[in-house]
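Next come the chains, spelled out residue by residue.
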Amino acid sequence: MVERLKYLRFLTWCGPVFLAVFIVFWGILGHTIPPVPADLPAKDIGDMFRAEANGIRIGMGMAMMFAVFYLLWGLALAKIVEIGIEKDNNVLSTLAVWGAGLTVVPLMCSCVFWLAGAYRPEVLDDTILQLLYDMGWLMIDMCFWVTSVQMIALGMAFIQDPRREPLIPKWMAWYGIWVGVSFVAELLMPYFKGGIFARQGTLNFWIEFFVWFFWIVGLTTYMVSALRRLEAEARGATSTERAQAGEGVGKVAGATL
Amino acid sequence: MRPSDPTAGHADLDTSPVTGQRRLAGDEGVWSFITADLCLFAVLFLLFMTERYKAPALFETSRQALDPLLGALNTLILLTSSWLVALAVHRAREGQRAAVRRHLTLAMLVGAGFALTKVYEYWHKIDAGITLLTNDFFMFYFALTGLHFLHYVGGMAVLALCLAKTRAEHQDARYLTWLESGGCYWHMVDLLWLVLFPMIYLLRAP
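Residue numbers (this note's numbering), protein chains in the order written: chain F, 1 to 257; chain A, 1 to 206.
These are computed hints drawn from the structure, not numbers from a lab.
We treat Cβ as the ideally placed atom computed from N, Cα and C, and that holds for glycine.
Heads up, a few of these hints could be off.
To be verified - In silico contact screen, one side only, chain A against chain F (beta carbon under 8 Å); selected entries:
#, residue
1, F33
2, A36
3, D37
4, A55
With the rest of the complex left out, here is chain F (with noise of 0.2 Å):
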């Protein structure tokens, strides 16, 4: 069982380690924390386009490249739920693989549109340019179940984790599926411009993204803990497995003088 949890470590790191970068490149140099208003007229956007070429190209590049880096975090997860938890079912780990790979495709496709926007921002129609940040921010909007697969399914594994302290305590698997479920708020993103609906607005920027970070944090620092158990838990089957059969070939021994 200790081979089975062998990179898991590096993996668990790799979630804050993209978050950092999703913040910093994706969020900050790439314009997206916060989001350029939904209401701000066209000309608006193509200016910050062109005054801010370099800054989103920087970031967005570095958000694709690091955007995997949640997969791999997800993978971490769905290993602790496998080996911790499923035992011999392992269709909830399976779907909590698949919904981290999936957020994957819409993060990177939103940065490709942002990135095409910052490629050639001077020959391009501010239209065109608004086009293109819309597009980034409805996909990245609008994709929300994948990771709410993700979120649910994992919720639904730790609650069945039998041991007395589960592995992941139980607030924080029903913590990601509220956060998982609350997502179905961006569904009114596209109907408004402005407001708490609108794609920069207190529900659907503020609160359902910081969420989903503080999901990312908090389940990152269980999941460290949940290593050590397991590794334990491993260490133990595997020196009460070398005495049994030691016992084993005693017995055999002493039968056969």
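Take the given structure of chain F and dock chain A to it, following the hints.
Positioned in the frame of chain F, the structure of chain A alone reads:
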């Protein structure tokens, strides 16, 4: 296929029945879901009141387009349904399975009235050309009641699951935890409506 003992292979497992005194009804983890949900709605209520403060005349004239009788009817429906679920939990603690089934079925039947009223109300508004894009008041009206409606649909599904478990499973501590957790969620749906109804339908401009 799972082994016959689902807890086999784990180091420190809780295999004892949950018979001790619980501080909270239902599963403790469910309360974190409920707390997070209530916090989210609290923020939404705060945002509604902030926007209402900025445009009291618009919110007041829009509010008058709503039918408070339908809102009151839905309040009555949810309170009755919640009461029936509470009775079902009490009967479950006493081990009266038939009564639990009866109360849960009644709770769902009464609860179904909420969906009928809400669909009628939405249809009536949309038919009159009022949508969530009409103005800020109706944006909040459709969004808040719509999000609440999704919670209601989830709650009805949870009640259906509880009813199925009542039919299928023997009554033990785990089943009771299920039922209590479902009941707590249903009460939350009720509680949210108890704030939504006066805030949207009844609150007059100062």
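For each hint, the structure was consulted:
Residue-level restraint check for A/F33 holds (minimum Cβ-Cβ distance to chain F is 4 Å; threshold 8 Å). Interface hint at A/A36: satisfied, since its Cβ lies 4 Å from the closest Cβ of chain F, which is below the 8 Å cut-off. Nearest Cβ of chain F to the Cβ of A/D37: about 6 Å, under the 8 Å cut. The hint holds. Against a cut-off of 8 Å between C-beta atoms, the interface hint on A/A55 is violated, since the closest Cβ of chain F lies about 12 Å away.
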